Structure formats: structure tokens, C-alpha cells
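The task is to assemble the complex, starting from two chains supplied on their own in separate frames and drawing on the hints.
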Amino acid sequence: MINLHFSGEGFVPPSTNDFNLPPIFENIAWLTKPVLLVFLSVILVSLFFVISARKAAVVPSKLQFAGESIYAFVRNDLARDVIGHDFMRFVPYLFTLFTFVLTNNIFGIVPFLQFPAMSHVGFPYVLALFSFFVFHYVGIRKQGLGKYLKDIAFMPGVPKAVYILLTPIEIATFFLVRPLTLSLRLFANMFAGHLLLLVFIMGGEYMLHDSHLIMKIFAPFSFTFGIALTFFEFMVQCLQAYIFTLLTALYIAGALADEH
Amino acid sequence: MARGNEADAYWSIFGYLVSGLLFWGGVGYFAARFFDKPYLTLIGLLVGITGAIYLIWLRFGRQ
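These protein sequences, in sequence, are chains A and B. Counting in this note's numbering, the first sequence runs from 1 upward without gaps. Counting in this note's numbering, the second sequence runs from 1001 upward without gaps.
Chain B with its partners taken away, still in its complex shape (with noise of 0.2 Å):
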């Protein structure tokens, strides 16, 4: 059981950390589009590697 948690953890994580760029960084890019304003990109970015790192410690960490 451990080596599979242990493989387990290491792709969610990786999938958390893709997923909290890709859609919150996707919102921030249009925002930035949309509103002229073209630090919202980075802005999305920083938003979602902060929701994916929250998650990874709800799912890893609170154990």
C-alpha cells in the first residue's frame, strides 16, 4: 500500500500544482485581455498556485 500512496501523492500533486496554473492563470490571462490591464495574468497565476498548495495541504499535510 505505501509505495501506491507514496506515487499517488507525487502525481496529485504535480496535478493540483498543473490545474491551479492552468485555470486560474487561464482567467487571469483573458481578465487581462478583456480589461487592458496585463498584470492580472500574473495575478491569476499567483492565485492559483495558492489554491492548488492549500489543496495539496488539505489532501497531504492535515493527516
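For reference, chain A alone in the conformation it holds in the complex (with noise of 0.2 Å):
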């Protein structure tokens, strides 16, 4: 029974083919677990805030407690201390954004869920596209397209000659790094610390049922460790959450703004 799939072929590394999850119903392609998961955030998230502000009163219960201090910390340590003046309009984006990835990140230390959606590269992209929408849309709005691009593109101060060497840079940051470095930073934290506790889980598992003795005095080691990133991989998650959205509020306070 212990010996199910160690059979003595030595330790198999997890590798990228362990975020390659199969279809949960055979015949439907593209509902796999993560895929699950994503909806389960949402419902999650909904449920939770639309209960916990349903009973909304004067003496908060712990729920509204709990709501309320999420919802003020987007509002006020995000939205209102970076973006500044007319900050309420893009609270409830950074709101969705932030109870939106700290869910799913944090599905990953959930028992049984224990998978992060975002150590697949889509969604952060789609995300990272949101944000990069977002802001270049509430710049041009705010400015013109005119002057949004020639902001961008054209640093004050510099003589002209100088423009040939500078203005690709600020483009390619603008357009094609900074979407990019949103999503992959995202990806490759949740992507890394998924894999990190599958090594030293499946290590501890394995040294468990090694036939050396050494192993299984080492093996709980393992599991000690696996247990203390976890708590260390909470950290990570929170912080990603946090990230992702402050910067979103970053790039759209910098977008507003009349020069950069």
C-alpha cells in the first residue's frame, strides 16, 4: 500500500509537467482545476463581501469588521495615498484586483485546493492586460492622446539629439515592460513557491518510504521545512497581492499626472 508509486526507481523532481493538470470531466477540454478555482474566487469573494456588508451596521459584527477592514485598506493605503485627488473612481477596480489575486493566491496553502491559478502564465497576462488598459485609457482620457504620447515618449529637459536614444527606452518600458513585468512577476512568485513546497513535500514523502534508514530519520526534516514555507509562502502571496495592485494604482496615478 505505502509502496504505490516508489517503486524504487528513485526520486522523480516535480517539475512543470505537475502544473499540467488534466481535464476533471474527460470530454471537456478546458475545464481543469485552475480553471475551477478562478470560479471559486469569484464566488468566494462575492459571497463573502456580500454578506459581511449586507447586515451593514453602526457596530460592526466581526464579518463587517473583517469586510470593511479589507475594503479600507484598497481604499485608503492604495487607492487614496498613491492615485491622490479622484481616487474613488479606481477603487473598485483595485478592490476586485486585489481580493481577486490574494484569493487565488492564497489557494495555494488551502488543503486540498493547494494550487495557485497563477503559476499559469494566462492569467496574470490577462490581469497584467486589464491593468495596462486601465491606465493607458484613464491617461488618454485625461490628457489627449497627443500629449499622453508625447509624455511618454519625449523626457523634458534633453537635448534633441539625445531623443533617438531615449524615446525607445521609454516606449518599450511603457508598452511592452511594464505589462509584462506585472504579469511574470506575478506568475513566477506564484510559480516558484508552488514548486518549492512540492519539493520539499514530495522529497519528505519519498525519504519516508526510502528502505535507508538515514532517510526516514531525515525525512521529517523535510516536512518541517515544507510546513515553514508555507507559512513563508503565505507571506509571498499577500505581498504578490499587494504588489500587483499597488503598482496597477502606480501606473494609473503616473498616467494622471500631467508630466511624469
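For the record, the hints were derived by calculation from the structure and aren't laboratory data. Hints may contain errors.
Between beta-carbon pairs, the in silico distance windows are [unchecked claim]: (1) A:239 x B:1061: 42 to 48 Å; (2) B:1043 x A:25: 53 to 59 Å; (3) A:209 x B:1030: 50 to 56 Å; (4) A:92 x B:1035: 24 to 30 Å; (5) B:1058 x A:88: 31 to 37 Å; (6) B:1058 x A:96: 21 to 27 Å; (7) A:22 x B:1061: 32 to 38 Å; (8) B:1058 x A:85: 21 to 27 Å; (9) B:1043 x A:77: 26 to 32 Å; (10) A:96 x B:1038: 48 to 54 Å; (11) B:1039 x A:160: 27 to 33 Å; (12) A:28 x B:1026: 37 to 43 Å.
Part of the chain B face toward chain A, derived, beta carbon under 7 Å [as the list claims (entries may be wrong)]: (13) 1018; (14) 1026; (15) 1051.
Here the structure is a predicted model, which is why all the values come from computation and not from measurement. Here a beta-carbon is modelled for each residue, glycine too, at the ideal position from N, C-alpha and C.
Spelled out as C-alpha cells, the structure:
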């Protein structure tokens, strides 16, 4: 019973194959675990905030307090402090972004769910694309297309000839590197974190099932490290949700500012 | 505001360095392929990093 898939062929380290989960039903190819988790996160987040706000009272219940704390955090610490004047327009987007990413990240360490959907690069790409369109759109609306692009491409106070050198770098930064780093940062953190947990926990399992006594003795260390890293992962997951939202807010603030 | 500005500076600097290397390094790479002179890639990368550092100085060092 114990040696089900350890028939003495050596440890198979976790790889990218562990991220390609098969479809849940054989004939629906798109319905994989990450997709299901994303749907679940949407339902959970909506339910939580609807319930916490339904019986809103002056003296809040514990649930209402929890919901309002998260909302207040996004509104005050992210939107108001970063965007400043006229920030309320962006609070719904930032709030949705933050709670959605946070929930999906934390799914990575919730027992039985245990998979961060953001470790599939397609999900962060789409989120970064949303942010990309939002901050360019508000910039163009606020300043007009011509002035907005001119502000991006031409840094003031530079001799004209130098623009040949600098303008391509500015354009590449705003239209390519920004959305790309936004999505890849989230993706890489979730991917690496999940892989790290897989290494220590599957490694511990393998050592426990090994025939050598020394391996068995050291297996608990691997598990302990796995548990410690789970707490570490929790921190990274919260931090990445925060950074994603913070950078989106910063890009919006930059697009609204008259000059950068 | 201060915390936001710090994060902004940090990631903007990173972004400029990456795009400077990518763009001018890329130009250098294709120039090297086209003219069959491999050292052009290096020149492109150096030009890119110079431009990026100059941009960073313009944006954050002047104030």
C-alpha cells in the first residue's frame, strides 16, 4: 500500500509537468483545476463581501469588520495614498483586483485546493492586460492622445539628438516592459512557491518511504521545512497581491499626472 | 505618499534597465547579424544601458 508509486526507480523531482493538470471531465478540455479555482474564488469573494455588507450596522459584526478592514485598506492605503485626488473612481477596480489575486494566491496553501491559479501564466497576462488598458485609457482620456504619448516618449529638458537614444527605451518601458513585468512577477512568484512546496513535501514523502534508515530519520526535517515554507508562502502570496495592486495604482497615478 | 514613491522608483528603474538592454541590445544583435560583426551586440547593450541609466538620472536624480 505504501509503495504505490515508489517502485524503487529513484526520486522524480517535481517539474513543470506537475502544473499541467488534466481536465476534470474527459470530454471538456478547458475545465481544469485552475479554471475551477478561479470560478470558486469569484464566488467566494462575492459571497464574502455580500454577506459581510448585507447587515451593515453602526456597530459592526465581526464579519462586517473583516470585510470593511480589507476595503478600507485598499481604499486608503492603496488608492488614496497613491492616486490622490479623484481616487474613488479606481477603488472598485483596485479592490476587485486585490481580492481576486489574493484569494487565488492563498488557494495555493489551502488544503485540498492547494494550487495557485496564477502559476499558469495566462491568468496574470489577462490581469496585466486589464491594468494596461485601464492606465493607458485614463491617461488618454485625461490628457488627450497626443499629449499623453508625447509625455511618455519625450522626457523634457534633454538635447534633441538624445531623443533618438531615449525615446525607444521610454516607449518599450511603457508599452512592453510594464505589463510584462507586472504579469511575470506574479506568475514567477506563484510558480516558484508552488514548486518549492512540492519539492520539500514530495521529497519528505519519498524519504519516508525509502528503505534506508537515515532517509527515514531525515524525512521529518523535510516536512518541517515544508511547513515553514508554507507560512513563508502565505507571506509571499499576500505581498504579491499587494504589489500587483500597488503597481496598477502607481501606473494609473502616473498616467493622470501632468508630467512624469 | 512616500511608500508609493519608493516602490514606483524601484520598479521604474528596473523597467528602464530592462527595456534599455532589450531595445538597443536587440538593435545591436540584428546589426551584428546583418553586418556579420559580432561586437555590435556588445555596443548595442552598452548603448542601451547608458541610455537607461541616463533616463533614470533624468527622472529621479534631478529633483
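Structure-based check of all given hints:
1. A:239 x B:1061: 42 to 48 Å: 28 Å, violated
2. B:1043 x A:25: 53 to 59 Å: 56 Å, holds
3. A:209 x B:1030: 50 to 56 Å: About 53 Å separates the Cβ atoms of residue 209 (chain A) and residue 1030 (chain B), which means 50 to 56 Å holds.
4. A:92 x B:1035: 24 to 30 Å: 53 Å, violated
5. B:1058 x A:88: 31 to 37 Å: For residue 1058 (chain B) and residue 88 (chain A) the Cβ distance comes to about 33 Å; the hint holds.
6. B:1058 x A:96: 21 to 27 Å: Violated - the Cβ-Cβ distance for residue 1058 (chain B) and residue 96 (chain A), about 35 Å, lies outside 21 to 27 Å.
7. A:22 x B:1061: 32 to 38 Å: 53 Å, violated
8. B:1058 x A:85: 21 to 27 Å: 26 Å, holds
9. B:1043 x A:77: 26 to 32 Å: 45 Å, violated
10. A:96 x B:1038: 48 to 54 Å: Roughly 49 Å apart at Cβ, these two residues keep to the hinted range, so it holds.
11. B:1039 x A:160: 27 to 33 Å: 29 Å, holds
12. A:28 x B:1026: 37 to 43 Å: 41 Å, holds
13. 1018: 5 Å, holds
14. 1026: 9 Å, violated
15. 1051: Cβ of residue 1051 (chain B) sits 4 Å from chain A, so the hint holds.
Violated hints, listed in ascending order, are 1, 4, 6, 7, 9, 14; each of the other numbered hints is respected by the structure.
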